[in-house]
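Participant: One letter stands for each residue in the lines below.
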Amino acid sequence: MKSAEAVVAALFILIGALVMTDSVRLGFRWADDGPQAGYFPFYVGLLICTAGLVNFVQALLIPPAKNGAFVEVGQLKLVLAVLVPTAVYAALIAWIGIYVASTLFIAYFMRRLGGYAWWKTAAVSVGNSVVFFVVFEIWFKIPLPKGPVEAFLRIH
Amino acid sequence: MEEIQSLLHGFAVALSLKNVVLMFTGIVLGVIIGVLPGLGGANGVAILLPLTFSMAQTPGGATSAIILLSCIYWGALFGGAITSVLFNIPGEPWSVATTFDGYPLAQQGRAGEALTAAFTSSFVGALIAVIVITFLSPLVASFALEFGPPEFFAVYLLTFCAFIGMSKEPPFKTLAAMMAGFALAAVGTDPVTGALRLTFGSVYLLKGFDFLTAVIGLFGIGEILLSLEEGLSFRGGRAGLNPRVVWQTWKELRRYWATALRSAGLGCFMGVVPGGATPASFMAYGVARRMSPEGAKFGTGKLEGVVAPEVANNAAGTSALLPMITLGVPGSPTAAVLLGGLLIWGLQPGPLLFVEQKEFVWGLIASMYLGNIAGLIVVLTCVPLFAAILRIPFSVIAPIIMVICAIGAYTVANSIFDVWMMVVFGVLGYAFKKLQYPLAPMVLAIVLGDRAESAFRQAMLVSQGDLTVFFSNALVGTMTGLALALLAWPLVSLVFGRLRKR
Amino acid sequence: MKSAIRNAVAALLSAAALVPAAHAWEPAKTVEFIVPAGTGGGADQMARTIQAIVAKNNLMKQSLVVINKPGGAGAEGFLEVKGAKGDPHKIIITLSNLFTTPLATGVPFNWRDLTPVKMMALDQFVLWVNASTPYKTAKEFLAAAKAAGPGKFKMAGTGSKQEDQIITVAIEKQTGVKFTYIPFKGGGDVAVQLVGNHVDSTVNNPIEAVAHWRAGKLRPLCVFDSKRMPYKAKVTDTQSWADIPTCKEQGLDVEYLMLRGIFMPGGVSNDQVKYYLNVLRKVQESADWKDLMERGAFNTTSLEGKEYADWVAREEARHVQLMKSAGFIGSGQ
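Residue numbers (this note's numbering), protein chains in the order written: chain D, -15 to 140; chain S, 329 to 830; chain L, 840 to 1172.
Same shape as in the complex, but just chain D (with noise of 0.2 Å):
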């Protein structure tokens, strides 16, 4: 818990002074017809920074016996089980396009981690990516990123 406290606490830190630093550029200043592009980012930053450093400290007296494990490793598998999938197919839809990318993550969701058989698997994250082509590209008239499946069938 600690630790996780303290990092998130730096971020916040590290954010502020991204955003104290871009405003600085803009000009922070009070000008004669009102505040300029930057001073509200500025003191917004200023504060971001300041709540990071209490809430910094206040990890750090986090005394050790009320220092929690910030998540079980059980839960955490779980967790990543999930998180990791989610992340690869969110980087896979630039390359194969959003309906075959849904179609293998729905599919990998169903095998990997409710077990069906093949066929319902099949049907299912096939049905799903076709219901969704109809609804958006044809009905809708709403593009979707698509890749090479979709112009190989000349779909696109």
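The set of hints was computed from the structure by calculation and includes no laboratory data. We put the CB at the ideal spot given by N, CA and C, even for glycine. Among the hints, a few may not be true.
Claimed, not checked - Chain D is faced by these chain L residues, among others (derived, beta-carbon under 10 Å):
(1) T869
(2) V904
(3) T1019
To be verified - Listed next, with one range per pair, are the computed distances between beta-carbon atoms:
(4) D/W102 <-> S/A716: 24 to 32 Å
(5) D/V118 <-> L/E1088: 56 to 64 Å
(6) D/W103 <-> L/G945: 55 to 63 Å
(7) D/F136 <-> S/E622: 57 to 65 Å
(8) L/E1094 <-> D/R13: 34 to 42 Å
(9) S/Q385 <-> L/E1143: 25 to 33 Å
(10) D/L(-2) <-> L/D1110: 51 to 59 Å
(11) D/W123 <-> S/I459: 29 to 37 Å
(12) S/A716 <-> D/W123: 22 to 30 Å
(13) D/W123 <-> L/G945: 36 to 44 Å
(14) D/V118 <-> L/T1075: 48 to 56 Å
(15) S/G627 <-> D/W102: 39 to 47 Å
(16) L/A982 <-> S/E684: 35 to 43 Å
Starting from the known structure of chain D, fit chains S and L onto it as the hints suggest.
Facilitator: Just chains S and L now, with coordinates in the frame of chain D:
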């Protein structure tokens, strides 16, 4: 009672078979659009706008076209609540406040009640707003003209002050989260000088952070990750399905009539000004929490906490059409697209529309009554169906939700970068929840930050840097004063409490 | 065999799978129509009207979809088209931010990165005041603004360092009057601020303010074009668009028109440009388009090819000069 006569004529126009069919089509499309986060009402209406083009050129066709489009809007207003309640993912910006109590209710296995409360409240809010539009429109329209930059800033300040305070989380964490929200809101083009702020040369940051991307990640993905710690299932998934849930909830809802009326008043005010449906829902939630005897329990699953924001957002969303019709000022992004539609069809929104296009205006107003009734019927009959979604096994529904979230994040601005940001926000949301950083003030800061800042700086330009402009007339003075009083209230009550104890 | 399967699957999923005939170029898939501005604004309305006219009259075999990319004062949209070099399935509609955004923000793009297709029309700007004020002519108004002292008169406009503010600066340079310019988000908001007497004047487009003019709330003083608008049909009881004098007639020598033009990404072939040129010509011939032109009191000048490119180049030079003299050139990142 000239209005009643015109309205009856309007009903005759709106009740033709063709228009009723369009009405239901619009509602169903709107609910779908409302459910899919990212694909907001504005998008949905914009997409169908070209379709209505040839429709509008037949006699009476403009009325049919606006009925179709406005019903999509009503549908989206209803539909936004569904995913908020079921999965903590707001389908539309204005349903964020609905998650605060709606989602805990669903976790307790009371999704059916929460949805019924949300839909019924939406209907009540819209109905009250339509009545206001019917009878008070000239008066209300002139009120909107009173609003210059200082008044707008005062409205945003008031929203903020009504919502914050009484946070259970550590104060410095609240402050950090809220300020981070303001910082996120500032990314992109500065509205007053046109300079680029906090983009650090990145092309992706040019457009800034959309509020919806942040919310989908923080609330939706964050919540899924959090619930994973307790195993691969949604809490409350075993919700009993009771077809009579609607009646039972209605009985309970009667107790909250005062909250509903107050929220409707706030909503109409915010819609007409126009301040927007999203601030309206936050303001109504904050006020209800202060006024309710059960205020301290808000956030743990109180029906009243669903009623207040839902009444307010629909009242605001509906009354936002009034400044659009009478002044040509859109009260919401969706209204902006509808306004474009009117212009494309050859109608001129403005003070004369009520005189020259009587049939169109009253047909539209009649369709507001009928469309909301149609909407209520559609969504209420589907309550058991929606609640049943929670029964789908986690390993099937969770990835589908993630896919919907990803599509939502993408469609907000057609950017894959936003999908990645959604995942990042998801991790942040998970960590914040665990470390007791509150998400609500952060979200409110993202929504209001930009608008409040530009209103403030516009006001400063008007007054040449003189701060007394915020007290320069009765209207703005009252709002600023009220906001400051609300802000000081926790301190004041603390001091009084201490004094009394002595 | 492989292609047989491919064709079968393709036919199943989409009717558009047929290979187009070889003689002239035609889009092979959905064409994206990019709007470097938000939904509901003037550029968005025009794009969606074009989309509707194309769909109604079946002018394209593939569909045309409108996509808004408003980020960074439109830079997001322009950068996307710049990055899509050689892609014939993207077109973009421009407003003045084609010139102003790169100058004001330093974001690296230029119209030369794009292929000019066709100028569709030019948007007019009119000087408006509240009808309850005593100013009947631009001369009277400017004299009053001058007498009031620098910064006392407030001019509202859409956006910052964009067309409305450039016109304001141009007026200031001409007359020595100094306005306080207040930027708002949309033209509708600007008009209502003037009706509500929160500001003293605006340079709204005709379509943004016409409803208030007809309702007797606003008064047009002059139009920033070299000649009067040609629309003679009565808009109010007594006046038509053609009755509004030009600013030059009023002794205010400022001209400004906003480009509503279509561009494609760079590196596309002549055949591909020709295809869109044809479609857009047909759009302009439709009755619906002519209606839109009259309703919005547009200047219907329409250029193609080299003339269009030359016009854009001249206009760019003028913007550089105007923005330089106003001190609007940004330092970049």
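Participant: For the hint 34 to 42 Å, verify it against the beta carbon of L/E1094 and that of D/R13.
Facilitator: holds (37 Å)
Participant: Between S/A716 and D/W123, is the Cβ distance one that fits in 22 to 30 Å?
Facilitator: holds (24 Å)
Participant: Against the range 57 to 65 Å, how does the distance between the Cβ atoms of D/F136 and S/E622 compare: consistent or not?
Facilitator: holds (59 Å)
Participant: Using the beta carbons of S/G627 and D/W102, state whether their distance is inside 39 to 47 Å or not.
Facilitator: Roughly 43 Å apart at Cβ, these two residues keep to the hinted range, so it holds.
Participant: Once the shortest beta carbon distance from L/T1019 to chain D is found, is it less than 10 Å?
Facilitator: holds (7 Å)
Participant: Could you check the hint for me, namely that S/Q385 and L/E1143 are 25 to 33 Å apart, CB to CB?
Facilitator: holds (29 Å)
Participant: Please check whether D/W103 and L/G945 have a Cβ separation lying inside 55 to 63 Å.
Facilitator: Since the Cβ atoms of D/W103 and L/G945 sit about 56 Å apart, the hinted range of 55 to 63 Å holds.
Participant: Just to be sure I understand the hint, the distance between the Cβ atoms of L/A982 and S/E684 should be within 35 to 43 Å; is that true here?
Facilitator: holds (37 Å)
Participant: Can you verify the interface hint for L/T869: is its Cβ closer than 10 Å to any Cβ in chain D?
Facilitator: It holds, given that the least Cβ distance between L/T869 and chain D is near 6 Å, below 10 Å.
Participant: Range hint 48 to 56 Å: satisfied by the CB atoms of D/V118 and L/T1075?
Facilitator: Because 50 Å falls inside the window, the suggested range holds.
Participant: Per the hint of 51 to 59 Å, is the separation of the Cβ atoms of D/L(-2) and L/D1110 within bounds?
Facilitator: Distance hint for D/L(-2), L/D1110 holds at roughly 53 Å.
Participant: Using 10 Å as the Cβ threshold, decide whether L/V904 counts as touching chain D.
Facilitator: With a closest approach of 5 Å, the L/V904 hint holds.
Figure legend: structure checked against the earlier numbered hints; every hint is met.
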